[in-house]
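The lines below spell out each chain.
There are 2 protein chains.
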Amino acid sequence: MATETLSPELEAVVARAAAAAPAYAALTPVERARLLVALADGLDAAKADLVQIGMRETGLTEARLNGEVNRTAVQLRLFAETVVDGSYLDARIDYADPNFVLGPRPDIRRSHIPLGPVINFSASNFPFAFSVLGGDSAAILAAGCPLIVKAHSGHPELSDATAAVALEAVRKVGAPEGTFQLVHGREAGVAILKDERIKAGSFTGSIGVGRLLTDIAAARPTPIPFFGELGSVNPVFITADAIAERAGEIASGFLTSVSGSAGQLCTKPGFVFIPEGSALPEAVTAAAGELAEHRLLDPRIAQSFNDRRDTILETAGVTPLIEGGVRFDDDGQGWAKPTVVTVSLDDFRAGHEGLVEEAFGPLSILVEVPAGTDLAALMPEFYEGNLTGTLHLSTAEAEGTTENAPELRALVAALSKQVGRVLFNGWSTGVAVTPAQQHGGPYPATSNDSSTSVGTAAIQRFLRPVAFQNAPAAFLPEALRDDNPLGVPQSIAQAGESGDWGKRFGA
Amino acid sequence: MATETLSPELEAVVARAAAAAPAYAALTPVERARLLVALADGLDAAKADLVQIGMRETGLTEARLNGEVNRTAVQLRLFAETVVDGSYLDARIDYADPNFVLGPRPDIRRSHIPLGPVINFSASNFPFAFSVLGGDSAAILAAGCPLIVKAHSGHPELSDATAAVALEAVRKVGAPEGTFQLVHGREAGVAILKDERIKAGSFTGSIGVGRLLTDIAAARPTPIPFFGELGSVNPVFITADAIAERAGEIASGFLTSVSGSAGQLCTKPGFVFIPEGSALPEAVTAAAGELAEHRLLDPRIAQSFNDRRDTILETAGVTPLIEGGVRFDDDGQGWAKPTVVTVSLDDFRAGHEGLVEEAFGPLSILVEVPAGTDLAALMPEFYEGNLTGTLHLSTAEAEGTTENAPELRALVAALSKQVGRVLFNGWSTGVAVTPAQQHGGPYPATSNDSSTSVGTAAIQRFLRPVAFQNAPAAFLPEALRDDNPLGVPQSIAQAGESGDWGKRFGA
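Chains as they are written, first to last, in the working numbering: chain A, 1 to 507; chain B, 1 to 507.
By construction, these hints were calculated from the structure, which means they are not laboratory data. Please note that the accuracy of each hint is not assured.
It does not matter which identical chain is meant; a pair holds if it fits inside one copy or across any two.
[What the hints assert, rightly or not] Here are the computed lysine to aspartate or glutamate pairs in the EDC-like style, where the Cα-Cα straight-line distance is at most 16 angstroms:
id, residue 1, residue 2
1, LYS172, GLU353
2, LYS194, ASP107
3, LYS337, GLU57
4, LYS503, ASP41
5, LYS47, GLU478
6, LYS503, ASP85
7, LYS337, GLU323
8, LYS337, GLU314
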């Protein structure tokens with residue numbers, strides 16, 4: 001197992017994680033749940049202090065950060081429930097069958113085990129929910145994998161303070177040393193990702209950095225899965241009837257979604273396709289009023305957003321509807337007001353190379369689409385995978401019986417192919433943490449669209465199936481035993497069920 | 001979407017698959033099941049002819065190939081049941097919750113959709129079960145993905161004949177043209193794998209070729225999942241008490257497993273760790289009798305096996321127990337008799353660089369291990385991932401109460417970390433096709449150990465999750481509707497369940 005040499009400090013980090021792996025994996029579900037709850041309790045207790053650091057380092061508001069801590073703590077508690085519930089193990093039991101259609105069949109039982117140490121590269125724009133103890137970290141720890149977090153350079157002090165909370169929780173519940181560790185610096189993160197003792201990686205950030213790390217994970221002597229959540233432009237389609245029914249409501253929901261957290265959300269609606277000549281632009285202008293200025297996360301992001309905004313405004317046919325803009329203060333920090341522009345579909349098509357790339361900040365583009373345009377074919381022309389796609393329908397259209405229902409169904413089918421989450425009559429920002437949530441989507445929305453980075457299904461990413469054939473009860477994992485001491489859901493195939501497979505569907 | 005230019009012929013193949021994707025995905029579960037059953041029926045009807053071609057092209061026996069056709073047909077019928085059952089969709093419904101702990105929660109529902117066109121590189125050693133209509137193909141079609149099979153060069157005529165059966169079934173049930181296609185030649189396969197319209201790949205074969213294709217899939221502008229089943233040495237551990245109890249039975253089971261299909265199975269036991277000085281070598285010699293000669297699959301495989309055998313026999317300390325060998329006929333075909341050698345653990349350690357690599361053919365190495373050796377630490381010294389690991393225990397040891405039970409448990413835990421399937425008192429060749437089967441394992445056993453290539457769980461590889469938020473019933477997939485017209489299992493989270501998450505596990 002040849003590995004590039006790590007610095008003594010990083011070697012110690014990886015060695016501790018590797019040493020912790022068997023012991024941490026061997027904790028009972030309730031013990032693992034206790035750690036997750038202790039982490040949540042620790043966040044709650046330290047909230048006031050952590051939020052103050054976060055406000056200073058990220059420019060995000062107190063209300064937003066308070067909400068984010070709550071969300072992060074709830075997420076950890078939900079994963080505690082998930083671990084104890086045990087349905088995530090997908091436990092399957094096929095009893096031996098001496099009369100199996102292909103000859104005697106052994107007893108086979110299958111469950112999932114943790115992959116081993118995982119590195120999580122945290123995000124800048126969610127200093128709690130996608131950072132040190134955020135969704136990926138919760139899923140990694142819930143799965144039973146030791147966690148190494150690479151702190152984001154945008155909030156190093158907050159990362160250290162959150163790590164202190166985590167280490168205290170690990171100590172308090174008596175989890176193995178090395179279950180949780182934090183490192184700083186991209187070089188450290190890359191070196192750890194390359195180490196053969198690391199079994200998976202996760203990431204939330206830009207397409208460029210995400211692809212770089214994905215390629216590193218794939219090129220290792222032993223390739224490992226890398227779950228990057230990269231970028232998204234989140235198309236929205238609004239029908240003429242929806243605008244006729246509630247233009248004001250749609251306009252104000254749109255502005256809230258574009259301007260919240262200064263638009264620095266991977267689910268910000270980047271493109272809104274509306275019928276040519278509709279009343280929506282006017283309604284947006286009317287709803288805008290005096291939009292507040294919001295500090296962007298850091299000077300680099302501010303500069304990058306300002307450049308993207310300039311490019312978009314300079315594209316032929318683009319008309320500012322809400323001017324907005326970025327002001328730089330003496331510290332180099334950028335302060336943004338939201339920008340909304342309109343463009344005709346023809347001009348959008350002509351200028352799409354400068355327009356379609358994600359503008360990470362408070363900016364959105366209304367594309368005015370002539371009647372008769374094939375909406376289902378529209379996005380695939382310009383962009384591959386997205387986290388979300390949204391439709392706004394009128395009350396009658398939602399019934400699915402209007403004349404344009406087939407066209408709307410085709411649009412839903414096209415969006416399903418391109419996104420991880422299809423929304424109706426709502427806005428894509430704000431991602432509920434629930435069992436059915438899907439925060440993912442085809443590349444470049446993610447580097448691996450087999451799973452989600454929000455919601456309890458996220459735990460699957462850090463597990464691997466293992467089967468046991470004719471195992472004596474004494475050597476079976478508890479989740480696969482007939483007496484089921486953990487009470488997990490078991491999917492059981494009895495003997496004698498194979499006789500007439502397929503008969504129902506014969507010619 | 002810049003893609004390398006395909007030849008007109010391959011362009012037509014990929015274009016047909018891409019065109020078929022939405023129509024094939026839109027078939028009802030019963031329609032898709034009908035195709036799978038028609039494929040099975042077609043194989044059954046053509047069995048006699050197909051087996052004759054297979055015998056000629058692969059040198060495998062009539063009994064083995066007849067059994068393989070049966071297995072392949074049963075596999076297709078089992079997938080038909082899987083598609084209609086619908087639990088593979090993992091349908092989840094979270095009802096809206098106005099009193100959710102983080103604020104009002106929308107209705108979110110999550111299911112899985114097919115990835116799109118998939119290319120499957122078929123194997124040489126299973127001309128039916130891992131070839132044109134084998135396990136990967138069944139899983140791909142069951143998932144709702146158009147299938148392009150790259151035929152193995154070892155049985156081109158059989159591949160064409162099987163493809164004719166498949167095309168007839170596609171026609172018969174009225175599935176979209178382009179649902180099934182066959183191509184020949186590695187260059188064609190690679191060109192198709194690189195095409196952006198292809199959404200996943202599968203493969204069964206060598207580590208070298210598998211890694212090459214895995215790297216191609218990962219390096220595309222849009223990376224895609226690639227599920228390669230590559231190679232494995234399948235360690236076996238036999239205790240002193242098991243040998244004392246039933247040396248003869250173990251010896252004959254071992255020889256059957258090593259020599260069946262001339263050892264050309266990815267699950268052939270390559271290393272057997274036995275206590276130093278045990279009676280097993282003697283029992284193996286006694287059980288051997290007159291072992292039959294068996295033609296190897298093709299001259300290249302025969303030459304490669306002969307070379308590996310030479311290397312192993314020339315390693316210091318290796319003693320032939322059953323000499324075996326390879327004889328080449330005038331056509332260059334190799335005919336093998338099984339070879340079994342013994343080596344002490346010290347000599348194995350000293351010579352492991354020449355010994356550990358898989359010997360694809362009828363050869364196995366008995367490693368004699370001194371008492372007191374830490375068995376759990378043994379395999380990780382030499383080799384990473386394997387498809388299987390096996391233990392033979394005595395009746396008393398199987399109870400888990402003997403003095404060495406902790407040591408055996410540690411060995412089971414170590415094997416679980418290294419393999420996809422842990423067997424007890426059996427042999428790893430012969431992989432039952434059932435819902436709980438796991439045919440996979442850490443690299444280099446597979447290029448992606450998140451799933452299996454045998455059993456119904458294999459379907460997961462070709463699916464992607466999609467969620468629907470606040471979708472009107474008229475726009476929901478049937479599997480997610482409240483009236484559940486398909487009758488699929490739905491995992492439902494009611495409103496009001498989030499109040500006390502984590503409370504049970506608090507400090």
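### In rising order, the numbers of the hints this structure does not comply with
Hints 1, 2, 3, 5, 8 not satisfied by this model.
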